[in-house]
Every structure is written in structure tokens, then in C-alpha cells.
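Peer 1: Chain by chain, the residues run as shown.
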Amino acid sequence: MVDDVLLRVEGLHKRYGALHVLRGIDLIVRRSEVVVLVGPSGSGKSSLLRCLNRLEDPSEGHIYIDGVDIVAPGVSLPRVRRNIGMVFQHFNLFPHMTALGNVAEGPRTVLRMSRAGAEKRALDLLQKVGLGDKVNTRPAQLSGGQQQRVAIARALAMQPEIMLFDEVTSALDPELVAGVLAVMRQLAEEGMTMVVVTHEMEFARHVGDRILMVENGAIIEEGTPKEFLRNPQHASTQRFLSSLLKAELA
Amino acid sequence: MSYQWDWTALWDNLPLLLNGIFLTVIASSVSMAASLIIALPIAFARMSGRWLGFIAQLYIELFRNLPLLVLVLWVFTVLPLLTGLTLSPLLSGIVALTANLSAFIAEIYRAGITSITSGQSHAAFAIGMTRTQVMKRVVLPQAIMRVLPALGSMWVSLFKDTSILSIIGVGELMYQGRIAATDTYRPLEVFTGVAVIYYLLAYPQALGVNWLFNKFQVQE
Numbered sequence: 001m002v003d004d005v006l007l008r009v010e011g012l013h014k015r016y017g018a019l020h021v022l023r024g025i026d027l028i029v030r031r032s033e034v035v036v037l038v039g040p041s042g043s044g045k046s047s048l049l050r051c052l053n054r055l056e057d058p059s060e061g062h063i064y065i066d067g068v069d070i071v072a073p074g075v076s077l078p079r080v081r082r083n084i085g086m087v088f089q090h091f092n093l094f095p096h097m098t099a100l101g102n103v104a105e106g107p108r109t110v111l112r113m114s115r116a117g118a119e120k121r122a123l124d125l126l127q128k129v130g131l132g133d134k135v136n137t138r139p140a141q142l143s144g145g146q147q148q149r150v151a152i153a154r155a156l157a158m159q160p161e162i163m164l165f166d167e168v169t170s171a172l173d174p175e176l177v178a179g180v181l182a183v184m185r186q187l188a189e190e191g192m193t194m195v196v197v198t199h200e201m202e203f204a205r206h207v208g209d210r211i212l213m214v215e216n217g218a219i220i221e222e223g224t225p226k227e228f229l230r231n232p233q234h235a236s237t238q239r240f241l242s243s244l245l246k247a248e249l250a
Numbered sequence: 001m002s003y004q005w006d007w008t009a010l011w012d013n014l015p016l017l018l019n020g021i022f023l024t025v026i027a028s029s030v031s032m033a034a035s036l037i038i039a040l041p042i043a044f045a046r047m048s049g050r051w052l053g054f055i056a057q058l059y060i061e062l063f064r065n066l067p068l069l070v071l072v073l074w075v076f077t078v079l080p081l082l083t084g085l086t087l088s089p090l091l092s093g094i095v096a097l098t099a100n101l102s103a104f105i106a107e108i109y110r111a112g113i114t115s116i117t118s119g120q121s122h123a124a125f126a127i128g129m130t131r132t133q134v135m136k137r138v139v140l141p142q143a144i145m146r147v148l149p150a151l152g153s154m155w156v157s158l159f160k161d162t163s164i165l166s167i168i169g170v171g172e173l174m175y176q177g178r179i180a181a182t183d184t185y186r187p188l189e190v191f192t193g194v195a196v197i198y199y200l201l202a203y204p205q206a207l208g209v210n211w212l213f214n215k216f217q218v219q220e
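Here the protein sequences come in this chain order: A and B. Terminal number for the first sequence in the numbering used here: 250, no gaps in between. Terminal number for the second sequence in the numbering used here: 220, no gaps in between.
What you were told as hints is all true, and nothing was included just to trick you.
Quick list of simulated restraints, FRET-style, between CB atoms:
1) A:D173 x B:V196: 54 to 60 Å
2) A:S170 x B:W74: 55 to 61 Å
3) A:P78 x B:T86: 45 to 51 Å
Here are the simulated SDA-like pairs of lysine to any residue, each with C-alpha atoms no more than 20 Å apart in a straight line:
4) B:K136 x A:P95
5) B:K136 x A:T98
6) B:K136 x A:G101
7) A:K120 x A:M97
8) B:K136 x A:S114
9) B:K136 x A:T109
10) B:K160 x B:G208
11) B:K136 x A:M97
12) B:K136 x A:R108
13) B:K215 x A:H96
14) B:K215 x A:P95
15) B:K215 x A:A140
16) B:K136 x A:P78
17) B:K136 x A:L77
18) B:K136 x A:L111
19) B:K215 x A:R138
20) B:K215 x A:N136
21) B:K136 x A:M113
22) A:K226 x A:M201
23) B:K215 x A:T137
24) B:K160 x B:R64
25) A:K128 x A:G179
26) B:K215 x A:T98
27) B:K136 x A:H96
28) B:K215 x A:Q141
29) A:K128 x A:M192
30) A:K128 x A:R138
31) B:K160 x B:L14
32) B:K136 x A:R112
33) B:K160 x B:L68
34) B:K136 x A:R79
35) B:K215 x A:M97
36) B:K136 x A:R115
Here are some of the chain B residues that sit facing chain A, going by a computed Cβ distance under 7 Å:
37) G119
38) H122
39) A123
40) A126
Source of the hints: derived by calculation from the structure; they are not laboratory data. What you are looking at is a predicted structure, and each value in this text was computed from that prediction instead of being measured. Note that CB positions come from ideal geometry on N, CA and C, so glycine has one too.
So here's chain B without its partners, still in its complex pose (with noise of 0.2 Å):
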């Protein structure tokens, strides 16, 4: 078999690509940003036990076990529905990867916060530290440190996931690429040129969070 290739197909769409790119960063921040806020009240709320604490749950289980395609259909299509809110695709988009990130995130804060020794709270309650100086001085800084890996993995991960909003009609990198790949009957390249650029842009970020990991790492 022998398949000509052609590079220029990629070469044209170089513009319609890194335009593409733009939105890819956009949204993975936007959900990033929002997903590490909102995630810390839901970790709390989860470690809080009674009703908030199940209804906490309710939402963590609900969005980590839905795949991220549906939820993003789901926004998408029936919550304007629903609601009677119309979102623009990148909005939808945007709800969607949030609302998965911030169960997933929710889970590591609580992990990272429960593996703090009541050594420290203890030590922090004894000079008077009230709850929340105890939270916000002592337990927090340290329970962040220990999770930084786990949320560079996460954000790493949702990069490369933002690729699904392209099925909505996000104008992303992968959406691009699509409209590239049809425009120019050459999907082979256009694909190739893609996914290089994906992990061209992935894993920098990967080394990144291993080096922002070794910088500050609390040692005990």
C-alpha cells in the first residue's frame, strides 16, 4: 500500500488549527478555575455528615458516573429545556466539564484533607486557632501541597478532554481539525497534525506539574 501523503492540507488549516487552539485553552481554564472554587465547598459539605453531606454525595456519585459525552449532550440539549436558559455551546460546554471536574476534585480535597493528622489540628487548636484559622492556615496549605499531583493529573486529563465539546459545535481544536479534515479529504493528516499538537501542548503541562510537585513538596 502505498498512500501519498500531503502535508499542505495541514499546513492551510495551520490558522483554522491554532484559532482552535485558543478555545481549547479557554475552556479547560474557565471549567479548571471554576472546578478548584466550587469543589471546596462540596468537599466539605461531604465531610459535614447528615443531610448536607448526602446531598454532597448525591452530586459527587452523580457526576463522576455519568460519561463526560452524555453530560455534555445532556447540557447541551435538555437543560435549556428544562430551564429555559439557552446556552451558547462553549457555555454548555463549560457547565458540563465543571460539573464532572468539581465531583472529581471535591474527592481528592477530601483526601487530601483527611490525611492531615489530628496532630496538626490539635497543635493548631492548643494556640487558640479557631476552625476556620485551623482550616486556613494549617490544615489546607498542607492538604493542597499533597493533592498538587493529583490535580495536575486532573487538569492534564481535562485538556485533552475538552476535545468532546467539539460534538456541540465548540470551534476547539479537535472541532477544527474535523472541519479541516472534510474540507480537505486529507483526515489522515489533518489527525496526525492534530493529536501532535495535543501532545505537544499536554505534555509540557505534565512536566510542569512534576516540577511544581518537587518544588513544594512539604516534607515531614
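This is chain A alone, in the form it adopts within the complex (with noise of 0.2 Å):
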């Protein structure tokens, strides 16, 4: 049988100092699919992102790429993250570079592509998420939504295995959410592994595999996006996805 696992998360503690904030996670991630995480702020769902391309140390347990743990001694990290494309809540792009060159940094700096190889791939990729026109752009000139698609596509430049998204649509203005979920929607359908922390149920709902809580640092509840949302089990879910609600109608 060919073992379709990409992920698998063991007993994952973060200790910071006094705080724990992950408290013994076990999670596994299949090829091709999309695991949303919920939960309320604080719960530890950034932290469990930033584990698994080591942004983050863990405390205790172990992280399975490929059934390579890359939290054991002398792995070497670079190596270890070109494999795992990261976009962040707040996109992080390179502001001294264009949309073109943030693109390109990865392949020309870390796989050491040709200039043009690199901005060969880098042109795609904008064109795949609709900037083809902004090639020479500085990110200051991008609105939210465009730079959060810029650095989708600095991601996929390394041609990740996984890719995960930390809140990327959090801090964009409401009528800018959706051309950065519709991008994360095709790669889905791509085949792309994700590991999504949202807000976005509906999102959720239509794209995702499987939605996991967290709360308190553990996964407290996951199911198939049908099962979790219509019939949440947990008492903490059920109040967390009305609260959603709430806001929803407010």
C-alpha cells in the first residue's frame, strides 16, 4: 500500500517559559488534502503552524515530513522548509523588491535558478494568481489582497510539498478576501497538501478536507466540514462556530 501520509504530528508541546501552549498534538495530513484549523485567538493554532516548518521550536515531540522527523538533531532547517511553503497574516513581502523579484528571490537565492529561469517561473506564477500585470510593482503600491496573492506565489516559487497559511485573510479589507481565497481554492483543486488556520467557514465549509479545533493548545474536536459544522460535538465548538455566527449577522 503507498503510504499517502505527507504530515504526521506526535505528542507537539510548546513551552514558552511558564505558558504551555500545545499541549501534545497528534495530527496527520495526507497528500492532497486541506485540514483547516479553528479555534479561538490564543489557542495556539499560529504556534502549531509555525511548528511544522520550524519557525517555532517545539518543546517535546515529533514532526514527520515525508517520514522525516525534522525536529531531530543536525536536520537541516533550510533544506527542511524549501519542502513547506508559508504565507503569513500580515504577507511579509520583501519591500526593497518588486512583485517579480519576491517571486524569484526563492529559486535564484536558495535553489540558485538562473535570473531568467527564475523570473521565468516567478512570471508564471503571477499570472496564476491574477498579477500578471503587476510584474513591477512594489509591494507599498499593492493593495492587501494583491500582496497576499504575491506572497502565495512566493511560496509556491520553491514548489512546496505542503503549504500552509496562517490567517491570510485576517487583516485584509473585507472586499479583498475573496480573490485571495479563490487562489487557495484552486490550489486545492490542484492537489495541493494545505494546512489552513481561517476564520473563513464558508471556506471551511467547500474547500476544506477535514476542520480541527484547537483549543487550549489541544485539537479538541475534527471532523469532516458536514459533520463539524452541522453537528459539532464539543460544547467549546458549538459556541465558538456561534460566536461566529454572531459576528457573521452583526
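Two independent chains are provided; combine them into the complex using the hints.
Peer 2: What follows is the structure, encoded as C-alpha cells:
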């Protein structure tokens, strides 16, 4: 049988001094699966995501990608991270580079591709995210939604096996959210493996394969979008979902 | 009071003063270039913590807090006794200026580097860059742009501070001015001329720094 598990997290803990933000996370993500993490702010979703590409160091536990433990001592983080794309809430584009420069930077500097090759790849990706006309524009001249799509293209330029999305629409004006979600949806349809932290329940419902509820540093409930949204078992999940609903109606 | 201004004292000595300008430019540009380079490892050492950081901090605090005049005289007179190494007045001056300036510039670099948000390095790490690549490609280019105005003002004040080197006999503008003043008994005219020359040289540089800043300003 082909092992289609891409990411496996075992007993993951994260402590900041006395603060215990992740309390034993176990998680399996299969190839082409879209896993959505929801939960109140401060629940540890973002910390979990940042442990997955080692921007944060786990205090305890293991993370396997393609069967390789990326928490093991001696592992090359730059090499591990090439394979894991990440998109941030605040875009974090490089302001001193154009949109094309931002996307070509990884292939050029990390993969040591030729300038022409890197720029060709970057151009293709900018076209894919609908920004083929913004190639030479600096981030400061782009809207938040456009910046975030450049950031997605920048992560894709490394041709990662898995993409991590950390509340990527939370900092956007409402009218710019749809364009970013559309790009993510397209990625999911193309078979990209994705772990998505978001409050966009419509996206979770239509694109997610599984939804996981994170609270107090633990996964307290999980299910298919249908099960999870129609029939949440846990009282916290019910409260959380109804608070989102109220916020939408307000 | 009626003082009879006699500007021939200035005109006659103009070739001498122009010679002085040459050494002023040499002393300031060599000191600046050297400081820009050696301040970088000092800034990194300062940020590294532990004993390396402590040494860098000692260097910075020592050379920032010594009066430039004292430093120049010390390098010129005491250093040869301690090391057995005799430096020319110009070289002594450059060493002293560089020690002083690099301490300030190291702090400027450090401020620039720490002002770049962690989000920038996170994004760079996330695409698989090494620490060195993150510094070279993402943090330093932005940090340098951000501190360019501060570096510019360091340059302009360095340019004027080279006049201190006249005390150890470096034949720069101020030194030649003093010679001309004594030779002609016309210090008023000569020093006025020297002041005007310093101003005419320094002001366009200050403007140039502003221009550079506006042109390369990084917007966020």
C-alpha cells in the first residue's frame, strides 16, 4: 500500500517559559488533503503552524514530513523549509523588491536557478494568481489582497509539497478576501496539500477536507466539514461556531 | 573700528589651501570607507551577546566617549611608544578617525538591523534561506536604506572633523589655513576663506545625502 501520509505530528508540545501553548498535538495530513484549523485566538493554532516549518522550536514531540523527523537534531532547516510553503497574516513581502523580485527570490537565492529561469517561474506564478500586470510593482503600491497573492506566489515558487496558511485573510479589507480565497481554492483543486488556519467558515466548508478545533493548545474535535459544522459535539466548538455566526450577522 | 580687509592674503594662498582640500578629502573618504566596513562585524558582534558582544560593546563605548582630539593625539603620540610602530601623521589621523567613526556607525547599523521586523526574516526563513542569506538579501538591504540619512550626517560631520588633524601636522585644509594665516598676518581673511571653503564643500554633500535618501527610500 502506498503511504499517502505527508505530514505526521506526534505528541507536540510548545512552552514559552511557564506558558504551555501546545499540549500534546497529534495530527496526520495526507497528500492533497486540505486541513482547516479553527479556534479562538490564543488557542495555539498559529504556534502549531509555525512549529510545522520550525519557525518555532517545539519543546517536545516529533514532526515527520515524508517520514523524515524534522525535529531531530542535525536536520537542515533551510532544506526542510524549501519543501514547506508558508503564507503569513501580514504578507511580509520584501519591500525593497518588486512583485517579480519577491517571487523569484527563493528560486534565485535558495535554489540557485539562473535569473532567467527564476523570473520565468515567477512570471508564470504571478499570472496564475492574477497579477501578471503587476510584475514590476513594489509591494507598497499593491493592495493588501494583491500583496497576499504575491506572497502565495512567492511560497509556490519553491514548489513545496505542502502549504501552510496562517490567517491569511484576517488583515484584509472585506472586499479583498474573495480574491485570495479563490487562489487558495484553486490550489486545493490542483491537489496541493494545505494546512489552513482561518476564520472563513465558508472556505472551510467548501474547500476543507477536515476541520479541526483547537482550544488551549489541544485538538478537541475534528471531522469533515459536514459533521463539524452541522453537528459539533464539543460545547466549546458549539460556542465558537455560534460566536462566528453572530459576528457575521452583526 | 575700521579694519582694512585685504583679501590678497587669501588669493595668494589659494593653491596651498586647495592642496589642503585634497588631504581633507583623502582623510575623510578613507576613514569613512574603513569605518563602513569594519563597523559591520562590530555591529554583528555587538548583537551576538556573550563575550563577543561584551568586547564589541567595550570598543563602542570606549571610542564613542573619548573626545576626538584626545584620541587623535593619543594615537599619534602614545601608540608608537606602545607598539613600536611609527605611523605618518595622516595615517595616525585616519586610524583615530576610523576608531571613533566605526564605533558610531556600528551602533547605527545595529539600530537599522533591529528595526527590520521579525516578519521579514520569518518570511525569508520560510522560503528556505540560511541565516547569511536572510541577512544579505533581506535584512541588510533594508537596514542600510533606513540608516542612509544617519550615515550621511556622519559623513558630513566627519568631513568637518578632519580639521582636528591639523593639530598633529596633517597638511589638510585647516592646517594650510593656519600656515597661511601666520605667514600673512591676515588670520581674519584666511580663516573666513577657510570657513567658506568648508561650507561650500560640506553643504552640497548634505544636499546629496538628502537626495539619495529620497531616491532610495524604502516604502512599507
